[in-house]
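Enquirer: Each chain is listed here by its residues.
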Amino acid sequence: MWNYARRDAKTWSSAITGLTLQNEDKSATMGMISARQQCRLYRKREQSMGIIQSSKLTFEYTKKDEEGNIEEVKRAVDGVDLDIHPGQFIAILGHNGSGKSTLAKHMNAILLPTEGTMWVGGKDTKAEEYLWEIRQTAGMVFQNPDNQIIASVVEEDVGFGPENLGVPTLEIWDRVEESLKAVDMLEYRRHSPNKLSGGQKQRVAIAGVVAMHPKCIVLDEPTAMLDPSGRHEVIRTVRALNEVEGVTVILITHYMEEVVWADRVFVMDDGKIVMQGTPREIFSQVETLKAYRLDVPQATLLAWELKHDGVDLPDGILTMDELKDELVKRICQ
Amino acid sequence: MSIKLEHLNYIYSQGTAYEKQALRDVCLELRDGEFVGLIGHTGSGKSTLIQHLNGLVRATSGALYVDGKNIYDSSYNMKGLRAKVGLVFQYPEYQLFEVNVLKDVCFGPKNQGLTDEEAEERAKKALAQVGIDENCYEQSPFDLSGGQKRRAAIAGVLAMEPEVLVLDEPTAGLDPRGRLEILGLISRLHRERRITVVLVSHSMEDVAEYVERIIVMNKGSVMLDGTPKEVFAHDKELEQVGLAVPQVTYLMRGLSELGIPVRRDVTTVEEAREEIRRLLKRRETCGQAAEGQ
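Read top to bottom, the protein sequences are chains A and B.
Take the first sequence: its letters are residues 1 to 333, numbered as in our numbering.
Take the second sequence: its letters are residues 1 to 293, numbered as in our numbering.
Since the hints were made in silico from the structure, they are not lab data.
Source: prediction; values computed, not measured.
One or more of the hints may lead you astray.
[Unchecked claim] Every beta carbon over 10 Å from chain A, so not counted as near; a handful from chain B, in silico:
1) Gln14
2) Gln112
3) Asp175
[Unchecked claim] Dumping the calculated DSSO-like pairs for lysine-lysine here, alpha-carbon to alpha-carbon at most 27 Å:
4) Lys195/A with Lys20/B
5) Lys219/B with Lys20/B
6) Lys69/B with Lys64/A
7) Lys123/A with Lys215/A
8) Lys123/A with Lys56/A
9) Lys63/A with Lys105/A
10) Lys329/A with Lys281/B
11) Lys307/A with Lys123/A
12) Lys4/B with Lys79/B
13) Lys4/B with Lys63/A
14) Lys79/B with Lys69/B
15) Lys110/B with Lys124/B
16) Lys74/A with Lys103/B
17) Lys126/A with Lys272/A
18) Lys307/A with Lys290/A
19) Lys281/B with Lys195/A
20) Lys84/B with Lys124/B
21) Lys272/A with Lys290/A
22) Lys307/A with Lys281/B
23) Lys272/A with Lys74/A
24) Lys84/B with Lys69/B
[Unchecked claim] Sample of chain B residues facing chain A (criterion: CB under 8 Å; computed from the structure):
25) His41
26) Thr42
27) Gly43
28) Leu87
29) Gly146
30) Gly147
31) Gly173
32) Gly178
33) Ile182
34) Leu243
35) Tyr250
36) Gly254
37) Leu258
38) Val269
39) Arg273
In this text, a Cβ means the ideal position worked out from N, Cα and C, and glycines have one as well.
Only chain B is shown next, with the shape it has when bound in the complex (with noise of 0.2 Å):
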């Protein structure tokens, strides 16, 4: 499923005093299958951006075309678009509220009009997804541990079989073990079901580590667009906007800058491990590059 933003505006209060633009010219294509990182800092229009993909929020102008289809038309379905691109807001767990687990997760099939049989089924299979045990289906949500109460409150979201799935910060508060656990689960469902990922990221390593495509945003535009390497090679003006590279490119731009011969735009831990070994086996190079300073 592809979804295509032209023009894109948003006004929020418009004509009161408190009137902001929150999204600014936005012209985006996100492509079938595509797992694409959004970072930008807070009240950079991220999060206002995401409510569009799915109809939450209506554009003040422009248009947003999903499969070819303008969703503004008025005779567009947007109960459809919604079951079609699946939201996981920010603190996602704050959402539970059934008095089981697996009561929670059929409450977002049931409401697409499945029978209780089917939405059941749904429910544990995306239960099952995200690891959490049939032995936790009859317990209250809320008795679940942190990371447990995040898995579940995706599952709500994953049991609508939704073609797109957009997550706002879903690593927020978690524990690093808790942190790879969900990153893994995205990246699984990316790779295996093949589902459109957009995943809001505050950190520049798990972008830098999980995404194909990262899109950053500024003031409510667009201001990079590409694969990590071609917008972390973009360090001052990410450091502008309050954003940052990967940990380890500032290493590796930091070797590089005192004449070693490293690749500058390494993004990741395995790909610097991998960049200073090759360097290590012929270290004589670094008199080399000393003497043609």
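Next comes chain A alone, as it looks inside the complex (with noise of 0.2 Å):
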């Protein structure tokens, strides 16, 4: 039955593309834009393709009672576009409920949207026989390391995912050796996940997903459950497969701090995304944010009520260092 739903929309695709080439002749007579350009443009869009892209992306969770009516609909995401580029390190926030993690479950196609589309490495995450590729383009690390790791030994638990996916076995042993290096956890290789510390079982889970060798990582709230030092050690490994492997991560964090490495950061409020941008942008807007139930970094917030004293800082301050090299500046003028 799928494969004529597929078949069908294939037709409709041809069909479309039919029509626009019927157009282009019109157009040219009168005066509309060139449908040639708009071929153009979208098959430009379909080249540089982002890794995850969405349009208008909805999804509603129906809760319904002991008979099977429809009791109540939740919009958990509400008209949702995206276009997320390779290489890009994304962060979400959003307070409790905002739709951040019914988001990011469509990314692997945990979830696949009521209304809408999502495309994971173009693929669109509703066609059934791209799943495997979609969830190895997009691996995902949840919020407690416990329910994530399977394995009694922590090479066997990073092996797991290369396995499954018929990976042969030597190589599946080079992967694990070289996931567990990319999240410096190799000396703990023959040990028992459960005698390692929070933030070193979440490098492991991290370690999990690297092994399947995904184009992007969507981590979902990884440091909740951490110490401080736990959290560091995440969001460094986080940063290093950013920054030297290139792989794309999308952070999903209630810390303010996590977000200032981020290229683009977005809000999301009621399913929807409120406000984009990078870093500097989104936190030079507190009092935006504050209503969003969210907050800015620490050092944002002294620089931002130093500002409100009359102290002449720039707006945006991301980091204690910036605050303290402004500070020094107007100091020893």
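Make the complex out of the two chains shown on their own, each in a separate frame, by following the hints.
Expert: The structure is reproduced here in structure tokens:
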């Protein structure tokens, strides 16, 4: 049945192409925007297609009573358009229940959109035949490391993913070694995961995803349960994967300090993306963020308050080092 | 209510291959009405320690006195202790189970032997304290938002009217506003009802802002114990055990190391703001400091 649907989709798309081509002749005479131009734009978009893209992505949770009648429909994601390029470091902020995790679960087809489309590596997540490819393109890391580790030895846990992908045994060992190296956990390869600290467990979970050679890693609050050093370890690992290996990173977090390294920040509220920009652009809007139940890094907050006191400081200071340099300038001028 | 720990040791799986000493000769006194922050890296013994406070875990050796009575005496009323010391675990919302919010909060007081009416009265009071609206009473606890669930779960412990409230990372996984709401609630309970609070936290900024005394655990022992200012003066030691000092403290130390005369013991944003304002008013001092170096 699915195949029919696919074929339909194909004929549908070729019909559209036919339509545009027909229109092209008309537009030449009617003075409309050239359809050829449109076509070219479309092709260009396809070539430079982002690794994660969505168009009007909507997801509704439906609550049914015992008889199966719909009691309540909750729109968790509401018309989200995304275009994330390979190699980018994206951070997603938003209060509890704003739709971040629901959106993230669309990025490796754990959830499928109620309306709209999500493309991962150019593949529509609704197409069942691409499911494995999609899951290989985008790996996910969740909040609680204990829920993600399944084996009794670290290296076996890391090998679980590639083994499921049907990778030959010798290559699995190579991948395990390289992934554990990437998260700086190689010396623990024969350890039992339950003896590790939270940060170490979370790095093993990341290695398990890295071993599947994903182009993109989606991390849903990976540091929420960790102590300061664990948080630091995980964020350093994630940044290294992004900067050195060029892996696209999508980081969902409630810690504003972790966001300052991102290329781009999305702020979600009520299922929609309500703000987006560089960390500096986002964090210069202290009051708007507070209205969305969010916060700014402590350095940004202090700078903002000092600015209110009449101290001449630039907007959107992100780190204590930046603030220190600015203050030194003011004090020693 | 005061709690005194004397030479407390706890060993997990004693006599097996997995034997691990989680607490090592812990001596502490928690005084009546104190607001204590308990910090330490994962595995430092914080959670084991707090589970001793209401007798959930029995020490391998040592003594624990509550109001002068050793709880390990065979005649000690353990059930009474659990009503006096309320323990809020990590992710307490996972323990919500009843069909509606009100019933869930009634569970604790009913187990204490109160009548349905008394329990309900207590539950309503506790729900009001945590800011959960009356029209949520009949809702399933699972339909509440993340922050509300957490607050409902805390209400479940408050309804038992404990004299000591122990919370294990009550803000983990909450958004910044939710974090503020929970910390504000705890701080208000401490202020208004004068209950003793023990707050386990991984956020140095939060403990600096709210608590009066910080206890630092490392490898099962008490490493530091003092006011936030005293404890955060030990930045190097804290970093060595996987902890840190608050962000603003790093800023002020950085400025101080450049020869700028600022206080090094600042731990909150508010203090830092005042200190920098004061400094900017007499900025010529910097030049003098630079000459003096």
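Enquirer: Please flag the earlier hints that this structure goes against, numbers listed from lowest up.
Expert: Hint check: 3, 6, 11, 13, 19, 28, 33 fail, others pass.
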